[in-house]
Structures are given as C-alpha cells and as structure tokens.
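Chemist: If you want the building blocks of each chain, they are given just below.
2 protein chains.
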Amino acid sequence: MYRPEIKVIDCTVRDGGLMNKWQFSDKFVRHVYNALAEAGVDYMEIGYLSSESAFDKNEYGPWRFCFEKDLQRIIGKEEKKIKLSAMADIGRIDLNDIPPRSESSLDMIRVACYVHQVDAAIELAHHCIDKGYETTINLMAVSTLGIRDLNEALNDLDKSRVPIIYLVDSFGAFYSEDIDTLAQKYIERLPEKTIGIHCHNNQQLAFSNTISAIINGVNYLDATLYGIGRGAGNCTLELLLSFLKNPKFNVRPIIKCIEDEVFPWAEKIDWGYSVPYMVTGVMNQHPRTAIAQMESENKNNITEFYDSVVNGSESV
Amino acid sequence: MYRPEIKVIDCTVRDGGLMNKWQFSDKFVRHVYNALAEAGVDYMEIGYLSSESAFDKNEYGPWRFCFEKDLQRIIGKEEKKIKLSAMADIGRIDLNDIPPRSESSLDMIRVACYVHQVDAAIELAHHCIDKGYETTINLMAVSTLGIRDLNEALNDLDKSRVPIIYLVDSFGAFYSEDIDTLAQKYIERLPEKTIGIHCHNNQQLAFSNTISAIINGVNYLDATLYGIGRGAGNCTLELLLSFLKNPKFNVRPIIKCIEDEVFPWAEKIDWGYSVPYMVTGVMNQHPRTAIAQMESENKNNITEFYDSVVNGSESV
Numbered sequence: 002m003y004r005p006e007i008k009v010i011d012c013t014v015r016d017g018g019l020m021n022k023w024q025f026s027d028k029f030v031r032h033v034y035n036a037l038a039e040a041g042v043d044y045m046e047i048g049y050l051s052s053e054s055a056f057d058k059n060e061y062g063p064w065r066f067c068f069e070k071d072l073q074r075i076i077g078k079e080e081k082k083i084k085l086s087a088m089a090d091i092g093r094i095d096l097n098d099i100p101p102r103s104e105s106s107l108d109m110i111r112v113a114c115y116v117h118q119v120d121a122a123i124e125l126a127h128h129c130i131d132k133g134y135e136t137t138i139n140l141m142a143v144s145t146l147g148i149r150d151l152n153e154a155l156n157d158l159d160k161s162r163v164p165i166i167y168l169v170d171s172f173g174a175f176y177s178e179d180i181d182t183l184a185q186k187y188i189e190r191l192p193e194k195t196i197g198i199h200c201h202n203n204q205q206l207a208f209s210n211t212i213s214a215i216i217n218g219v220n221y222l223d224a225t226l227y228g229i230g231r232g233a234g235n236c237t238l239e240l241l242l243s244f245l246k247n248p249k250f251n252v253r254p255i256i257k258c259i260e261d262e263v264f265p266w267a268e269k270i271d272w273g274y275s276v277p278y279m280v281t282g283v284m285n286q287h288p289r290t291a292i293a294q295m296e297s298e299n300k301n302n303i304t305e306f307y308d309s310v311v312n313g314s315e316s317v
Numbered sequence: 002m003y004r005p006e007i008k009v010i011d012c013t014v015r016d017g018g019l020m021n022k023w024q025f026s027d028k029f030v031r032h033v034y035n036a037l038a039e040a041g042v043d044y045m046e047i048g049y050l051s052s053e054s055a056f057d058k059n060e061y062g063p064w065r066f067c068f069e070k071d072l073q074r075i076i077g078k079e080e081k082k083i084k085l086s087a088m089a090d091i092g093r094i095d096l097n098d099i100p101p102r103s104e105s106s107l108d109m110i111r112v113a114c115y116v117h118q119v120d121a122a123i124e125l126a127h128h129c130i131d132k133g134y135e136t137t138i139n140l141m142a143v144s145t146l147g148i149r150d151l152n153e154a155l156n157d158l159d160k161s162r163v164p165i166i167y168l169v170d171s172f173g174a175f176y177s178e179d180i181d182t183l184a185q186k187y188i189e190r191l192p193e194k195t196i197g198i199h200c201h202n203n204q205q206l207a208f209s210n211t212i213s214a215i216i217n218g219v220n221y222l223d224a225t226l227y228g229i230g231r232g233a234g235n236c237t238l239e240l241l242l243s244f245l246k247n248p249k250f251n252v253r254p255i256i257k258c259i260e261d262e263v264f265p266w267a268e269k270i271d272w273g274y275s276v277p278y279m280v281t282g283v284m285n286q287h288p289r290t291a292i293a294q295m296e297s298e299n300k301n302n303i304t305e306f307y308d309s310v311v312n313g314s315e316s317v
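Going down the list, the sequences are from chains A and B.
In the numbering used here, each residue's number is its place in the first sequence (first place is 1) plus 1.
In the numbering used here, each residue's number is its place in the second sequence (first place is 1) plus 1.
Worth flagging that the hints you see were computed from the coordinates, not collected in a lab.
There may be inaccurate statements among the hints.
Treat identical chains as interchangeable: a pair holds within one or across any two.
Below are the DSS-like pairs computed for lysine-lysine, each with C-alpha atoms no more than 25 angstroms apart in a straight line [said to hold, decoys possible]:
hint, residue 1, residue 2
1, 78, 186
2, 58, 269
3, 257, 300
4, 246, 84
5, 300, 269
6, 28, 186
7, 160, 300
8, 160, 58
9, 300, 28
10, 160, 70
11, 249, 70
12, 81, 300
13, 300, 78
14, 70, 81
15, 269, 132
16, 269, 8
17, 249, 22
Because the structure is a prediction, the values reported are computed rather than measured.
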C-alpha cells in the first residue's frame, strides 16, 4: 500500500554539482529532467539560487545560479514536465534577485540553514512564499544540536508560515533509532507541517534511514541518481523508487539515465562509501576533512586519517 | 548500552573467497586473523570445509578446504587468538573428513542449506556437534520461501540439537520490515535457539538490516572487512563495530587491515553496490545473472540488463 502524500525530490544536479562546481552539460541536465519526469518523480532540484555577485561565473556552472534563461534552455518549447526546485543558502541570494513565481520556471525554493540562521531562513522563506513559491526550510546538521537549540528552532519553525520542514542528516551520523526519535519529535512539535528527510550515505544508511523516516510519517524524500552527491553521497533514487509502491513511479528511465549520463561522471569524480566518510560520520563531524583526504594523493592512508580524527577528539 | 550476548563473525576470507576462488595469500589471511583478534571480533570464518574430492586443488586456494595444516600455518606457534569457523555445504564434505574437534583448530562449523536440505543439514550439524564443535545452521534464500515451507523448516530446526539458527538474506531482497517480521518469527518459533543474521548489500541495506536484526534480538552478526563478498557484498565490519557499543570492540586494526590488505584486492576484483545487483535484489532473484553481467564486457549496459530481468518475469 502506498501513501499518496509522499513526494520524491531528486537533487542530482544540485547536490551532485557540489562535486564538479555544477559543470554539467545541458545534455546531462536535460536527460535528468526528462528521465525524472518519465519516472514520476515529483520535483527536480536543479541547482542553487544564487546572486551573480556571490560566485564567479567563470568558475561555477549555470546551476550555481539557476537563472531563468538557463532553466528555459533545459525546458525547451514544450510545457514543463516536472516541478523544478532550487536551493537557497542564507546570504548568497539578494532578495531582489528572486523573480516573482509568475516570471520563473521554478516552483519551489528550499532554504538551507544552520540553527543560528533559523530566523534569517524564515525571513527568506516568507519572502519566497510572498512571491508565490512553494517553500521548505532544511535545517542542517541536526546531529550536532543540543536539545534546547533544537526545541527553540522547531518552535520558531512551527510559528512560521513555511509549510514543509526538513530533517537533514548533514554528516551521515544518524542510525535508524535517531531517525525514529527525531522524526517523531518533528511531527509532534510541528503538527501543521509536512516533514521531509535528506540523508547522507557516510555509514551506508542514507536509503535505510529514508525508509525509517517514511515509516515514521515523513513525506518529502530527497534522493539522487546512483547516490551522486558530495562525499559519501545521498539516498539512491533507483533504490527509493523501487521501494515505493506508488504505481506512478517507474525506475527504468532512471536506470537509462544512470547508464548514459551518470556513469561517465563516475569516471571523473568520486562519491559513495569510503572509510574516511565513515569515520567523520561515526564521529559526527562535517565531512570536510574526509573530502580533503579523498581528494589528496594519500587517499588510501585511511589509518592515518582515522588517527588524526580520533586524536583530534581527545577529552577537553 | 551494549548486549553481552552479541557475537560478531567475520566472513572476509570465506565470503570474499567466492570472488577469487580463495586465492588469498597467507600474508592476507594472517593479517585478517591478527586484526580481527585485536579488534575483539568473536569468530573468524576462515573458509569452507570441503573434501578434497569435491574441488580441484589446482583451481581453488586452501580456504576452499580448511585443512588442518593450512590452519596451523596461519595460527603459527603461539596460542590461537580468535575462534575459527568454517562453513560446510551439503554434499561437499564427507563426514569422515571432519576431524574431531580435539584434533582441529576449528571451533565452529556452520552448515549452509536451502530449505529442501534442512534434514541433511541437521544430520551434518548433529555429526559436528557430536565431534565437539559449536554449530549453526544457516538457512539460505528465505526470501523465496512460502509460509508453509518456512514453518516446517523452523519446526524441524526447533526440534534439532543445533543451538544457533541463521536468518540469511541471500539475495539482498529484504527491507527492514521484512527483517522485523522474520526475526520475530524465528525468535518465537525457536525459543531455545540463538538467532543469527547474514545480509547482502544489493540494496545498500546489509548494515541497516543487521541493525534491525539486533533491535529485534538477533545476537550472531556476520560482516566482512569493507563489505567484501560475492556480488554486492556483505554487512561492512568497520560500520558494525563502530555501531556496537561493547568496549571490547576496536575498529582501528580493521581499518589498518583494509588499508594494507583489502585495498589491493579492490583493484583486482569488484564487489559492492551496483545497479545489476540492485535489480536482482529488488526482483528477489539469485544474483547469478547480475554477477555474469558485472563480469562481462558489457557491464555498464544496465538498461538492457534491467529489461532482460523484468521481461523474464512476465505473468505466467
């Protein structure tokens, strides 16, 4: 039995772009767009919404910005086939640079924030709501929050007009029991909201933790093709669609797109499970040290890496 | 809080050997042996117990057979550091070739069987018990069993003298809810037995399903270094030890052994998540077609593979 409230959000271009500065070809993005539509996925998160002043256009590809002209080039002349989303980081988008929804191909803007940015995130999200967009707030790095900070953040989010709030396992640190506890807490403290989940695969738990979230009543589910994404990557879309029983989902176009578009990138950039990502996940740390390790010439020196992380966590 | 009844069984050499016909060097096996002992792992499954007549010694390495002289070469002159296990397949070991435990370095013999072999498995396991060994029966491919066959098998196993019965997800087909249901059923139907779990990683769920089993009261846990094993591989030992809170476990020797011994094999043989393994897992099929696909020159033609599996499953 499926739950019709469930929505799947593909983050392939947005989260995968963190690995290659969004240097995906139009062919790649268009194939992902068509495949997701054909597969019955609900939203395609096509990139970040950033102001031109925030990043160098010579260094970063179009999906760092999500300008309307670039979106139109992907959509083409036909009617849009799938809802489009963009993520906005606090401080990287000037409110004046956000067009009204009637002039944009975007349907949803998802605001990512750390706990100290919740007020700014609500302000930005309200601005997007007022411009006509669907909106979420994705509260990151919850695994590092004390109970008081989390309660206060949920309290603020509860009072906001933002209808969808994400539980985000930024560090890939959570086990299923953590997801049970937190999903239940979010649902209890945010009775009027829809809850979403975004997981990372540091401990090979992104997909299973997404399932745990579903069992607990979470309805917005993030995933990417073949798990592409920063570091250990994300919940794997082909696994998620195969798990969901809603007959509108069809995994074949996703498999075809992986074969044609994702495999070539897998030759050029590295993502997925490896010991350094596991170590930062287990230690509940930002993966930046593991990413640096994996990009270094000594990426296989995993014992040294383990020692450096453990010794850097001595009692204080 | 940890559960002292939990035992961890490493299957690196036994299950990993399915990928390379047990052509591991003595250096490899000795390093795994020392690392597991140092890490506090309870058992090392060092190979299969087979009669010389069953396999060609020129084709298969020593851990296809587990002769006493080979075991002794790994243990050396010091006292044995960790309990050793070997797996026995029905029909591949002559009962007369099994030495009494007093003359063997093996502590445990695990009998693997399909449902139609349960009687033969009990007979073999009783023989091993009578020769002094710890014994388990690992009932494979449970995901394909009808309820009557499973009940009858569990009934027979309940009446046996075999103290430990394994729930085996041979095809990597189970979700956490399947593990919940089956683990509870095994515990209920086998009230005097200890239950074990052996998972495969076709859907990236081997580790999380092992956690689900633990939560349900399963106490014997199989894993391998870096998940090495046939096809999509197994539950990853470094993840499992990091999850378990028993202070006797120490993950560092495992990481060192992965760096020194497993990484070189990862250059030569392929295991871990890939779309063909996912497809056979989702379809609840033996991975043999996926393994053939991954070993072929067309391993990246995953859409064709998907079609062949789905078209081969039309309504009959």
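Chemist: Work down the list of hints and note, for each, if the structure agrees.
Modeler: Consistency of the hints with the structure:
no., hint, in the structure
1, 78 x 186, "neither (45 angstroms within a copy, 57 angstroms between copies)"
2, 58 x 269, "within (22 angstroms within a copy, 41 angstroms between copies)"
3, 257 x 300, "between (31 angstroms within a copy, 13 angstroms between copies)"
4, 246 x 84, "within (21 angstroms within a copy, 44 angstroms between copies)"
5, 300 x 269, "both (16 angstroms within a copy, 18 angstroms between copies)"
6, 28 x 186, "neither (42 angstroms within a copy, 51 angstroms between copies)"
7, 160 x 300, "neither (46 angstroms within a copy, 52 angstroms between copies)"
8, 160 x 58, "neither (38 angstroms within a copy, 72 angstroms between copies)"
9, 300 x 28, "between (32 angstroms within a copy, 23 angstroms between copies)"
10, 160 x 70, "neither (36 angstroms within a copy, 72 angstroms between copies)"
11, 249 x 70, "neither (30 angstroms within a copy, 59 angstroms between copies)"
12, 81 x 300, "neither (43 angstroms within a copy, 34 angstroms between copies)"
13, 300 x 78, "neither (46 angstroms within a copy, 36 angstroms between copies)"
14, 70 x 81, "within (14 angstroms within a copy, 70 angstroms between copies)"
15, 269 x 132, "neither (39 angstroms within a copy, 55 angstroms between copies)"
16, 269 x 8, "neither (31 angstroms within a copy, 41 angstroms between copies)"
17, 249 x 22, "neither (33 angstroms within a copy, 44 angstroms between copies)"
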